[in-house]
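Heads up: the protein sequence lines correspond to chains V and Z, in order. So that you can map any letter, position 84 of the first sequence is 161 in the working numbering, and since no number is skipped, the others follow by simple counting. So that you can map any letter, position 557 of the second sequence is 634 in the working numbering, and since no number is skipped, the others follow by simple counting.
Any given hint could turn out to be false.
If several chains are the same, the list does not tell them apart, and a pair holds so long as it fits within one copy or across any two.
Unchecked claim - For lysine-lysine, the following DSS-like pairs were computed, each having C-alpha atoms within a straight-line distance of at most 25 angstroms:
#1 Lys149 x Lys662
#2 Lys662 x Lys159
#3 Lys466 x Lys500
#4 Lys621 x Lys524
#5 Lys374 x Lys621
#6 Lys662 x Lys147
#7 Lys159 x Lys149
#8 Lys524 x Lys498
#9 Lys466 x Lys524
#10 Lys732 x Lys765
#11 Lys578 x Lys524
#12 Lys578 x Lys466
#13 Lys438 x Lys466
Quick caveat, the hints were computed from the structure, so don't treat them as lab data.
So the chains spell out like this:
2 protein chains.
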Amino acid sequence: MLSNHLSDGIGMARVPWSQLPSSEEPEGLSNVDDELMAAARSLAGVGAPVESLDYEVIENYAYREQQAQKGKIWFTYTVMVKWFFALLIGVGTGLAAVFINLAVENFSGWKYTATFSIIQHTYFAGYLVYVLFNLALVFSSVFIVTHFAPAAAGSGIPEIKGYLNGVDTHGILLFRTLVGKIFGSIGSVGGGLALGKEGPLVHTGACIASLLGQGGSTKYHLNSKWLHMFESDRDRRDLVTCGCAAGVAAAFRAPVGGVLFALEEVTSWWRSHLMWRVFFTSAVVAVVVRSAMSWCKSGKCGHFGSGGFIIWDISDGQEDYSFQELLPMTIIGVIGGLLGALFNQLTLYITKWRRSYLHKKGSRVKIFEACLISVITSTISFGLPLLRKCSPCPDSEANPGIDCPRPPGMDGNFVNFFCSKDKEYNDLATIFFNTQDDAIRNLFSAKTFHEYSAQSLLTFLVMFYTLAVVTFGTAVPAGQFVPGIMIGSTYGRLVGIFVVKFYKKLNVEEGTYALLGAASFLGGSMRMTVSLCVIMVEITNNLKLLPLIMLVLLVSKAVGDFFNEGLYEVQARLRGIPLLESRPKQFMRNMTAKEACKSQQVVCFPRVVRVGELVSTLRNNQHNGFPVVDQGQNGETVVIGLILRSHLIVLLQSKVDFQSSPFPCGPRGVLNSHKLSDFVKPASSKGKSIEDIQLSEDDLLLYLDLAPFVNPSPYVVPEDMSLAKVYNLFRQLGLRHIFVVPRPSRVLGMITRKDLLLEENGSSATMELQSSSVRGQRYNEEMLRSRIHPESSILDSLLIQK
Amino acid sequence: MLSNHLSDGIGMARVPWSQLPSSEEPEGLSNVDDELMAAARSLAGVGAPVESLDYEVIENYAYREQQAQKGKIWFTYTVMVKWFFALLIGVGTGLAAVFINLAVENFSGWKYTATFSIIQHTYFAGYLVYVLFNLALVFSSVFIVTHFAPAAAGSGIPEIKGYLNGVDTHGILLFRTLVGKIFGSIGSVGGGLALGKEGPLVHTGACIASLLGQGGSTKYHLNSKWLHMFESDRDRRDLVTCGCAAGVAAAFRAPVGGVLFALEEVTSWWRSHLMWRVFFTSAVVAVVVRSAMSWCKSGKCGHFGSGGFIIWDISDGQEDYSFQELLPMTIIGVIGGLLGALFNQLTLYITKWRRSYLHKKGSRVKIFEACLISVITSTISFGLPLLRKCSPCPDSEANPGIDCPRPPGMDGNFVNFFCSKDKEYNDLATIFFNTQDDAIRNLFSAKTFHEYSAQSLLTFLVMFYTLAVVTFGTAVPAGQFVPGIMIGSTYGRLVGIFVVKFYKKLNVEEGTYALLGAASFLGGSMRMTVSLCVIMVEITNNLKLLPLIMLVLLVSKAVGDFFNEGLYEVQARLRGIPLLESRPKQFMRNMTAKEACKSQQVVCFPRVVRVGELVSTLRNNQHNGFPVVDQGQNGETVVIGLILRSHLIVLLQSKVDFQSSPFPCGPRGVLNSHKLSDFVKPASSKGKSIEDIQLSEDDLLLYLDLAPFVNPSPYVVPEDMSLAKVYNLFRQLGLRHIFVVPRPSRVLGMITRKDLLLEENGSSATMELQSSSVRGQRYNEEMLRSRIHPESSILDSLLIQK
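Whole structure, please, built from the sequences with the hints as guidance.
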C-alpha cells in the first residue's frame, strides 16, 4: 500500500509527457518571458521596452569552437584589451566630466556676472536676463532630450541598475543617449533647475563603457572592427560596471566611493577580480580630473576653477564631539529618513501622474513643462531673496577670515543682494541666488556662526524641496545627489543652529551639522550605506566625521526603510524595470520550482524543425527561449538544449542552414557557416524581430537542424527544489532561463571542491580535455568515428557524425 | 546513419545504470570528498584537519517543517537577533582590541622606561633587563599557544579566508583559540618580535562572532540555549564576516576599511544586504574604541594613550605632487612588488621547512625556537644602534617644532641612545629600539628632513626584513601588517631621501614616501587593492594621498602577481586549505562536468538501507555526501536526494528511526522524532565520527528509511555542462556537493525573471503554497489522501502516505 503510493510518485516520471495536463499541445505551449514586463509597462504608462539580458555563457557549437581555437595568447590579449578599455573608460569619463563642469560653471559664471552687473542699475532687467538665460539653457536641454535622445531624461541610475541586474531598457546605452546626456545636463544644471549632474555622469560613464565594448556606434559609423572583443552580455556588464564607478569617481572626485557605489548600489553580483579593474578605472578618472584642474588653475578655463568639482572641503570643521551631541545627530537622522521617504513617495506620485496624463501628449508638452518649471525656479530664486531683509555683516575684527559682503565676481558667503547698506548681506540670496555647488559650500562652511537665520533656512528648505519634487521627472537629464545635499544640509544647519543655541558649546560647528543633514537625506532617500558614507567623507575631505556620518546614515536608512523602498528601486519599478532583490522572499522557501512555473506552458522545438513552423511559433508568442527536444530510440524524449529567439532569428535571416531533409544534418554543413560573432546581440538591444524576416514560400517548406546552435547545458533545477534556492541560483549567476526538470534517474558523478581544484598541468583531466574539445573539422574521419563512444557527451555525438 | 549515431548518444540514457562501467558495484563506489584534502595535508606536513562547509540549505523534512511553522513574527525576531548580534560582535571585538592595546602598550612602556633608566648607569644591565623582559613575554605567548590553543598560532587570516570560502579548519573558531589569540598576541607583540597584532585581531573578531553564533562555548559551559539561533553554516558565515570586518575596524580604527577588507580579501561571496550589517558592526567598533580612548585620555590607563591604536596621522604631510615625482613613486611600487613577492616566497620555504622538520618534534622545540628568536631580536635591536654613531640634532631655531633629543619617558623622534653628547640622537635607535607603532610614526613623520641616514635605513631594512621572515611561522599569534608597514616605510623613506636629494624640491616630504612604501609592500605581499587603499587612507588620515596610494598599489600588485600568489593564498595552500579562486581556470571551459568527476565513483544508498550496511559503508570511506536512490515501478531508479554523513551519524546514534521492515516507513514514525536542531553541526567542526557509534548486533540487522532526512533538491548539472559553468555555480552559491546527472528527458517548466517577481499577496501561487507546504501531521487522513495527486512533489509523496 505504502509502496503503491510511492511508486505512483516515482512512476509519474515515466508517464509519457504528452499525457500530462500541461503538455497536451507541445507546440501550443508557451514560456512567457516578457509578459509580466509588458504588464508592468502598461501599469507604468508609457515606459521604454525592456528585455532580459543573458549573463549565462551560451555554450553552443560556435562558442565551443572558438574556445578550442583560442590559446593562451588569446587569453592574454583579451586581458590586456580589458585593461586598456578600463583605461579608456577612465579617460573618457574623466574628460566628459571635465567638459560638463567646464561648461556648466562657465554658463553659470556668465549668468551671475551679467545679472549682478545689471542689478546694480535695475533689478527688473536683471531678473529678465536671469530668467531668459536660464530658460534658454533649459530649453536647449529639453529640446535635445525630446527630439534627439529620449533615453537621456532623468538620472539614468535606475536603468543602469536594471541593466546590471539583468534587464535591458531600450536605448539607454546608445551613442545618442551619451550625447544627449552630456549636452542635456549642461543645459539643465547650467539653467539652475533643482537637480544635479551626478546621476547623469554615472549614466555617461556607463554609455562610454558600453560604446567601447561594442567598438563604437554602428549607426554613426564610428565603430572599429578590431575593438569587437566583447561579444557577450557578460563582458559588457563588466565594462558598464567600470563605467558606473568612473562616473561616480568623476562626479564626486571620490575614487573609492565610485568603486563602492558600483558595488553596493548598482551591481547585483560581484566578482572580486573585477574590483581590481574597477578600482583602476576610478584611479584613472581621479588622475584625469586632477590633471585637468591643475591645467585650468592658471585661468585658462574661464570660470572653471578649483571650486568646480563638487568637493566641499570642511577639513577645518568640527574635530570633536560630545555624547550630548548624539541626540541632535540622531534627530537629524530621523528627519532625513522621514523627508527622504516622503521625497520618494511624492516623486513616485508625480512621476506616475506625469506619465499617465502629461507626457502622453507629446514632446511639446514636455518642453513647455520644463520651460515653465525653469521660469518658476528662476522667479523664486530671484524673487524670494528680494523679500528678505538683509542682515548686518559680522564684526570683521572678531572674525578676521570673513569677507563680508563678498566682492563682486567672487564665490563665497555673504552675498550682497538688494541690501540698502554696504556692510550687509542677504542670507537667503547666499544660498538661493547662487549655483548649487556654491550654495552647498556656503552651507557647509565652518566658522560662520549665525550666518543664516532659521527663517531663511526654513523658507529655503520648503521652497527647494518643493522645486526638487516638481522638477523630478521632467524630460531633462537630472541627478538627485546635489538637490538631496542641498535639502539635507539646510535642515542640518537648522538643527545646528538650535544645538549652538541650547548646548551653548563653542566647538559645535553649524557646517558639520549641515554635512550630517546632507548625509541623512541621501541615506533616507537613496538608502545607500557604505558607498554614501565614503562619498561623503571623500567630498568633505574629513575622515574624523566618519563615525558620525555612519550613525546618521544608519538611523535615516532604518527610518526610511520603514516607509518605502529606495528612490532608485521605486523609480525602477515605476519604469517597469523588474529588479530582482538580493535575497528571495520568505514565502519562496515554502514553494517549489514547479509551483512557480505552473501557470505557464513550455513551447518546445524538435531538433529538426520546419522553417514555416518555426516562423509561425515565433510570431505567435513573445518568448525568448525555447527548449529543444529530440526523440531517442524508443520514442523517449531527451532535452538537448535551449535555443534563444535572437539566435533563431539570425538563423532565419541567413538561411544558409536551411535543408530539405527532415533528418539531422551532418557537421559539414554547419561547421563553417556561423561564427560566434554572428550571434552577438547588438548593444542597442533592439535586434531584428521576427517581423523583419522575409521568407519565400519555398523557404518555409525547408527544415532547420537546431542542434549546433542550442545552448546544450542551461542550468536545470529539479522540480521540487524550493523556489528560494532557485532564486539564489538565478540571481547570483545572472541567468535568464532555468529549466525545471523531473528528478534525475541516476547520478553520474558528484562534483565536490576537489574536482574544481584541478591544475592545468599534471592532472589526468588535461589529457581528456585534449581529446574531447570540439575541433572536429581538423580531425580525419577515422579520428572522428573513434570518438563516438558511449561516454562522449550528447552534443559532441550530435555534431561529430557523418 | 546519422540518426543512428544520434540515437546511440541519446539511447545511452536508457542503458540501465548497472551496466555502465562506473556503476558495476553500486555499494563499492566512492565519492571522494576529502581525499585531496588529505593529500594536501600530507604535503603540507602536519596541518589541521580541514572539512568542507555546507552553505546550501538542506531542505530535508525537518527544515521544511520548521519553515512551515515559522511565521512573520519569527522572521522579524530572527532579523532583530541578527542585528543584536552584530552589535555584540562590535562591542566584543572593540573591547578585545582595547584590552590587547592596553596590555601591549603598558608592557612596552614599562619595558622601555625600565631599560632607559638602567642604561643611564650601565648598558649591559639594561640589555639584560630588555632581553629578559622580552623573553618572558614571548615565552608566555608561545607557552599559551603550544599548550592551550594550537590554532591560535599565526595570523589566522588564511584560515578565516578558508572558512568563508567554504573550508573549515578544525579548531580555529573555538573559545580556547580566542583566549589564546588575545593573550598570545599580547605576549608576542609586547615581546618586541617582528610581527603585528592586526591579523590576530581579525581572527579574534571572527572567533567572537562564531562563539556568539553557537550561543557560547559548550565545552566551558558558557553557552545559553536562547542564543541557539544560527544553526546553519550559512548564518554562521554571515556572523564571521561581521567579525572579520570588526577585527580590521578595531585594529586600524578603519571602519570602512574593515568592511572592504571583509568584502575583498576574506569573503568569497557577498550579499548586499549583509553589507549593511557589516557596516553597522564596524561603526560600533569605531564608537567603542573611541570611547575607550577618550576615557583613557586622562591617564587612567597607564602608558595607553592616543598613540595607542596604530593611527599615524600625516595630515600635515605633502599636499601636492608634481608629475616628475610619479617616477620615484612607480619605483617604490616596483620595489614593493619585488620585496613583497620575495617575502611570500621566503616565508613559504621557511614555513615548509619548519613544518617538515622542526615542528614535528613537539612543543618544546617550538618554545625553544620562539625564545631563541626573541633573544636574537632583542640583541639586534639593542646592539645595532650601539654600533651606530650618533648624529647632531638639527638646528632648533630653524626647526622650532622639533624636540631633540626627545625627553626621557616620551614617545617621539630623536632618541638619545648611547650618544656621547647631549645634543645628539641615534637615528637607528629611533626606529629600532622602539615599539613598532612608534617607529612607524617616526618614519612617517613630516618636517623631519634628513633625520635618518640612508645607511641606518638600509641596515634596518635588511635586518628587519630578515627578522620578519624568520619570525613568520613561529608558534605565536602573528600579524603581517605592521612588519609590512615597517619594511615598506623604510625603503619608502630611503627613496624619499634620494628624491629630496636629486629633485631638490622643498615640498617633498620623506614621510609621504614612507607611507607610499608601506602601501607598496603590503600591496606586493598581500595583493589587496581597494581595502588596503582605504585602510592606508584611514590610518594616515590623509585623503589627498589617495591617487598616489592607488598608483603605488596598482604597480606593486601587478609586479607581485607576476611572481607568485598573495601571502594569504600561499599560506592557505601550505596549510592544506583548498581555496577556490573567484573565477574558473581557462581550461575548464573546454571540460565537461562528467570529465571532471570521471575518476571517482559514486556511493549510493537505497532509500531503505540496512543499518549494518550503512555502518560498514561509512567506515569504508571518508565521503561526506551520498546520493539516495529509490526504485520506481518498472525497476527504474530515481534519485530522491542527498544525505550527509553527519546526518547519518546523528540517525545512527539516536536509533529511534530504526525499523524492522525493509519497506519505507509511514510519516507517523518520523514526523516528530527529529528536529532541525538535531542535525546542526557543532561549530567546533569536530562532530561525532562513525567510530564513536556503538551499535549492537541486533541494531545492525534493522533498517533505516532515509527519505525524510535527505536533502531532496541538491543542485544538479547535466553531464555535458562545461566545468567553467559548474565552477561558477559551485563557487557563487558556496556549495559542497553537486550531482552530475544525465540530460533530462523533458522540461516541466521554465523559470524566468517574472516567475521570481511573485508578490506574496495577490498571486495565485500563494494559494498553492498553502496546500503544498509540509504540514502533514495537522491534516486528517482524507486531507492527506487528497493531496497525493500525480503532480505533488516526490518528497511529499514519500512522506505523506499511510
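Outcome of the hint check:
{"no.": "1", "hint": "Lys149 x Lys662", "result": "between (43 angstroms within a copy, 12 angstroms between copies)"}
{"no.": "2", "hint": "Lys662 x Lys159", "result": "between (36 angstroms within a copy, 17 angstroms between copies)"}
{"no.": "3", "hint": "Lys466 x Lys500", "result": "within (13 angstroms within a copy, 64 angstroms between copies)"}
{"no.": "4", "hint": "Lys621 x Lys524", "result": "both (17 angstroms within a copy, 23 angstroms between copies)"}
{"no.": "5", "hint": "Lys374 x Lys621", "result": "between (29 angstroms within a copy, 17 angstroms between copies)"}
{"no.": "6", "hint": "Lys662 x Lys147", "result": "between (42 angstroms within a copy, 14 angstroms between copies)"}
{"no.": "7", "hint": "Lys159 x Lys149", "result": "within (15 angstroms within a copy, 47 angstroms between copies)"}
{"no.": "8", "hint": "Lys524 x Lys498", "result": "within (24 angstroms within a copy, 48 angstroms between copies)"}
{"no.": "9", "hint": "Lys466 x Lys524", "result": "within (23 angstroms within a copy, 50 angstroms between copies)"}
{"no.": "10", "hint": "Lys732 x Lys765", "result": "within (15 angstroms within a copy, 64 angstroms between copies)"}
{"no.": "11", "hint": "Lys578 x Lys524", "result": "within (15 angstroms within a copy, 40 angstroms between copies)"}
{"no.": "12", "hint": "Lys578 x Lys466", "result": "within (22 angstroms within a copy, 60 angstroms between copies)"}
{"no.": "13", "hint": "Lys438 x Lys466", "result": "neither (43 angstroms within a copy, 87 angstroms between copies)"}
Of the numbered hints stated above, the single one contradicted by the structure is hint 13.
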